[in-house]
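Student: Chain by chain, the residues run as shown.
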Amino acid sequence: MSQNPPKFAKPPRWASTLLRWWADPNTAEEVEGDLLEMFAYWQQTAGSKRAKWRYALSVLKLLRPFTRKKKSYDYPKTYLFSHIMIQNYFKIALRNILKHKGYAAINIGGLSVGMAVAMLIGLWVYDEVSFDKYHKNHDRIVQLFQFVTFEVEKSTYDVMPIPLAGELRTKYPDFKSVVMSKRLSQVLAAGDNKFAKTGSSVEPDFLEMMSVNMLAGTRNGLDDANAILLSESLAKALFGDADPLNQLVKIDNKVNVKVTGVYEDFPNNSTFKETLYITPWELLLNNDPYAKSIENDWDSNSYQIYAQLKDGADPEQVSAKIREIRTKMDDPPRYKPEFFLHPMNKWHLYGDFKNGVNTGGLIQFVWLFGIIGVFVLLLACINFMNLSTARSEKRAKEVGIRKAIGSLRGQLISQFFSESLLVVLFAFVLSVFLAAAALPFFNEVAQKQMSILWLNPYFWLLGLGFSLVTGIIAGSYPAIYLSSFQPLKVLKGRFSAGRFAAIPRKVLVVMQFTVSVTLIIGTIIIFRQIQFAKNRPVGYSKNGLIEVKMNTPELLQHYEALRLDLLNTGAVKEMAQSSGVITTQDGGTTDISWEGKSPDTQPLVMHNSVTHDYGKTIGWQILQGRDFSRTFSTDSSAMILNESAAKLMNLKKPLDSFVRASGRQYKIIGVVKDMIKENPFSPVSPSFFVVNYRNISVINIRLTPDISASEAIGKVESVFKKYNPGSPFTYSFADEEYSKKFGTEERIGKLASFFAILAIFISCLGLFGLASFVAEQRTKEIGIRKVLGASVANLWGMLSKDFVLLVIISCLVSIPISWYVMSDWLKNYKYHTEISWWIFALTGLGALGITLLTVSYQAIKAALLDPVKSLRSE
Amino acid sequence: MKRTFLGEFEEVILLTVAILGEEAYAVTVTQELEQKTGRVVGFSSVHTTLQRLEEKHYLSSSMGGATAERGGRRKRFFTVTALGRKALMEVKQVREELWNALPPQTLQLMGI
Numbered sequence: 001m002s003q004n005p006p007k008f009a010k011p012p013r014w015a016s017t018l019l020r021w022w023a024d025p026n027t028a029e030e031v032e033g034d035l036l037e038m039f040a041y042w043q044q045t046a047g048s049k050r051a052k053w054r055y056a057l058s059v060l061k062l063l064r065p066f067t068r069k070k071k072s073y074d075y076p077k078t079y080l081f082s083h084i085m086i087q088n089y090f091k092i093a094l095r096n097i098l099k100h101k102g103y104a105a106i107n108i109g110g111l112s113v114g115m116a117v118a119m120l121i122g123l124w125v126y127d128e129v130s131f132d133k134y135h136k137n138h139d140r141i142v143q144l145f146q147f148v149t150f151e152v153e154k155s156t157y158d159v160m161p162i163p164l165a166g167e168l169r170t171k172y173p174d175f176k177s178v179v180m181s182k183r184l185s186q187v188l189a190a191g192d193n194k195f196a197k198t199g200s201s202v203e204p205d206f207l208e209m210m211s212v213n214m215l216a217g218t219r220n221g222l223d224d225a226n227a228i229l230l231s232e233s234l235a236k237a238l239f240g241d242a243d244p245l246n247q248l249v250k251i252d253n254k255v256n257v258k259v260t261g262v263y264e265d266f267p268n269n270s271t272f273k274e275t276l277y278i279t280p281w282e283l284l285l286n287n288d289p290y291a292k293s294i295e296n297d298w299d300s301n302s303y304q305i306y307a308q309l310k311d312g313a314d315p316e317q318v319s320a321k322i323r324e325i326r327t328k329m330d331d332p333p334r335y336k337p338e339f340f341l342h343p344m345n346k347w348h349l350y351g352d353f354k355n356g357v358n359t360g361g362l363i364q365f366v367w368l369f370g371i372i373g374v375f376v377l378l379l380a381c382i383n384f385m386n387l388s389t390a391r392s393e394k395r396a397k398e399v400g401i402r403k404a405i406g407s408l409r410g411q412l413i414s415q416f417f418s419e420s421l422l423v424v425l426f427a428f429v430l431s432v433f434l435a436a437a438a439l440p441f442f443n444e445v446a447q448k449q450m451s452i453l454w455l456n457p458y459f460w461l462l463g464l465g466f467s468l469v470t471g472i473i474a475g476s477y478p479a480i481y482l483s484s485f486q487p488l489k490v491l492k493g494r495f496s497a498g499r500f501a502a503i504p505r506k507v508l509v510v511m512q513f514t515v516s517v518t519l520i521i522g523t524i525i526i527f528r529q530i531q532f533a534k535n536r537p538v539g540y541s542k543n544g545l546i547e548v549k550m551n552t553p554e555l556l557q558h559y560e561a562l563r564l565d566l567l568n569t570g571a572v573k574e575m576a577q578s579s580g581v582i583t584t585q586d587g588g589t590t591d592i593s594w595e596g597k598s599p600d601t602q603p604l605v606m607h608n609s610v611t612h613d614y615g616k617t618i619g620w621q622i623l624q625g626r627d628f629s630r631t632f633s634t635d636s637s638a639m640i641l642n643e644s645a646a647k648l649m650n651l652k653k654p655l656d657s658f659v660r661a662s663g664r665q666y667k668i669i670g671v672v673k674d675m676i677k678e679n680p681f682s683p684v685s686p687s688f689f690v691v692n693y694r695n696i697s698v699i700n701i702r703l704t705p706d707i708s709a710s711e712a713i714g715k716v717e718s719v720f721k722k723y724n725p726g727s728p729f730t731y732s733f734a735d736e737e738y739s740k741k742f743g744t745e746e747r748i749g750k751l752a753s754f755f756a757i758l759a760i761f762i763s764c765l766g767l768f769g770l771a772s773f774v775a776e777q778r779t780k781e782i783g784i785r786k787v788l789g790a791s792v793a794n795l796w797g798m799l800s801k802d803f804v805l806l807v808i809i810s811c812l813v814s815i816p817i818s819w820y821v822m823s824d825w826l827k828n829y830k831y832h833t834e835i836s837w838w839i840f841a842l843t844g845l846g847a848l849g850i851t852l853l854t855v856s857y858q859a860i861k862a863a864l865l866d867p868v869k870s871l872r873s874e
Numbered sequence: 001m002k003r004t005f006l007g008e009f010e011e012v013i014l015l016t017v018a019i020l021g022e023e024a025y026a027v028t029v030t031q032e033l034e035q036k037t038g039r040v041v042g043f044s045s046v047h048t049t050l051q052r053l054e055e056k057h058y059l060s061s062s063m064g065g066a067t068a069e070r071g072g073r074r075k076r077f078f079t080v081t082a083l084g085r086k087a088l089m090e091v092k093q094v095r096e097e098l099w100n101a102l103p104p105q106t107l108q109l110m111g112i
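Chains as they are written, first to last, in full-length UniProt numbering: chain R, 1 to 874; chain E, 1 to 112.
Since the hints were derived computationally from the structure, they do not count as laboratory data. Errors might be hidden in some of the hints.
[What the hints assert, rightly or not] To give an idea of the interface, some chain E residues facing chain R are shown, with a C-beta separation under 8 Å as derived from the structure:
1) R74
2) K75
3) R76
4) T79
Heads up, the beta-carbon is just placed ideally off N, CA and C, and yes, glycines get one too.
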């Protein structure tokens, strides 16, 4: 064993190197020596090749992760996770929090606001994503849609011809059930209780398909034609605490039906949330002559069709099968309907179609707010990190002393982690309460009825998991960086973090302000866009215009008498009737032609039936020609176009030209200014107006401006009570209805501004903390400068300069980002505002102003300090 | 101290260290083991077992002086501690008790 190894063979060098690097340092020396000896021995007993092989194998087995660690007994062992030390960490953490109450408040407050916002957004996203999940078969339910080509573009409609349902039922085995449905808005009366409510007329299979939860009665309740199912809330409203079963309800003062069941109200996040009652489809067929007349008509599209697919049937494939049902028949219509299925899981979030392609829908907002939530949370985390790193440099001495008396690095790391975890935990608890407190307000803005999921384990798991991650991320910098200090340097008192230590902090501040400024610019542009559309001339006079839907037959017959009575009240200036309310555009026709129309196109022109007094009532503006008038008996075949229609027809002399619409000849007597009846962000569709006293469903009333609206309404109501005693008097103001068109945009605007304000608040909170930290750090420097003659203004400038520079950088970064994003958003609107430079300038100046305000407080406070005091202790 | 527990390999190594006396270090133990038992023993397992035995306080170790033949690297010599001797004795005793408890006919069957 003591012979020298033969010179010609040496153990593989890589193995020796590996051993030197990775073997347990406590035993490295003897192991290296032993192995050399063993190599020589193996060479003798087994030959060089085997010896090398065994040597390498032994080395590999002795490398650190595989081999046992030789415990060193030179020092007493310290345990990383000793119970007492952990207790001590929390004690120190609590003391630290209590000692620096201001910082702790900023830290915990900022973080909890950010977490609360994230929680609210999370709840909102959860609510949106869980839409329609109430219906058990949501995976298999589809609604029938059709693409229709009028001109070039494909439009999308959810109304279907009635015979399609039968066709699907009999010829396509992929469907488990198919039901017709019509949305209703009727007056229900039981005894003295009368309500105008919304509901649905459906075929009986609907109940099974949508898993309607019957509280009384059974799902067979629709088998009888004269039956009605009430939702729980409506049953309560109609019958109070009495048993509603088998009671009679009168619909629209016409038909008596028997209550055969009560079902649980559909939840708020269901497409059918407004279906407060359900009547049988047969009832509709029996009482609605129009529905009966089109029962076998393939080209009248009026009602919805829902279907449930069999297990394993793919909506896409079935769509492909049914696409050409109509176009393959004889005499296909010229608008080329293409049927397809829209699965229930996509109804709510992917409801938009453009030219035959699904373009998303609400899902965009889910993403938008999800991203905003993540950013707000990120801002709060950045604050937390910045403040704790800034603060932690003050604790360098503590680290030095701890190390000097024997702390291991691992212990310091767990100390800092436990501190940040504690703070995050406080913030989490606070944020749950904040979120609960803000929820009512948030619900109102977002038009939801959400509640904190107190009992949902996932909510808590997610919240706590997130807190843990935040705590670890935020605590990681101080934990890892501070614990690496060398006690000698730190305790010598010459500790400085170095020139570049503040750079990550600065980068984070820039990031924060970039996000905040981008959000603010976005919000301003959203509001500008809403304002822009609101300022668009509507083409009629909205104020003092009320509209009453004629949903009972009593109102239909007495046009003249009603009009006279209303005018005689003195509260009404003018009254007319029309086929639809002024704020929506109902139907149109493609069966229209005029002189010089090219035969290739089939434009859709909107159809409006009105009475003679319509123009005067709504106050439209006639550009050419004249209004309808009773003095011309020929006006029964006269037509008034709007500007867009006149432009579409491109007639040389529109007046007195003839137009054929739906098989009748009309003479154009006037052109009116475009009236915004549909989306205020898109161009006005070409439309025409004709006099027709039968095809009407709405009474338009212009109130006199001389008396107050409430008084006038009272007078109008008394007239209506006389003519229509069976129904409640329900009316709507045109201007209110019109402003509802901005609902989505205003909601986004409000939410975005809410988040933008919070973002800037959180960022400023962080800045405030940082500024006070910097001011504190430079107390001595400021003292010396003051002694040497610096003025307060000088010092203020010096302290603010750094932060102002950061904010300027972030403005420069955020301007192109926000310009890019917002110009993309504006492209969604045909009518949109321009992004002008002053928005950026204003936002930038605003951000600078806020920054200066935040920083100045600390800067001036520091600059006003008495140098004697700040320099005394040296 | 509770009943000692020694694995078979541990027992063999502990015995070998006792046999080698002053000269016991990882290399000699490995070679001795190979020669006595005829089985090829991995060096790394000998090394780890020695360490484990030291942790269990059956062995104690001390570094020897610098040596010329292995690049000046010192050797770690092992000696059996009192506890180790006691453990060996106990193992031997258990074995003997078990042998003694064997019924004579079985012994005969085994050809002893």
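Student: Could you run down the list of hints and mark each one as holding or not?
Tutor: Going through the hints against the structure:
{"no.": "1", "hint": "R74", "verdict": "holds (6 Å)"}
{"no.": "2", "hint": "K75", "verdict": "holds (6 Å)"}
{"no.": "3", "hint": "R76", "verdict": "holds (4 Å)"}
{"no.": "4", "hint": "T79", "verdict": "violated (15 Å)"}
In this structure, only the earlier hint numbered 4 is contradicted, and the remaining ones agree with it.
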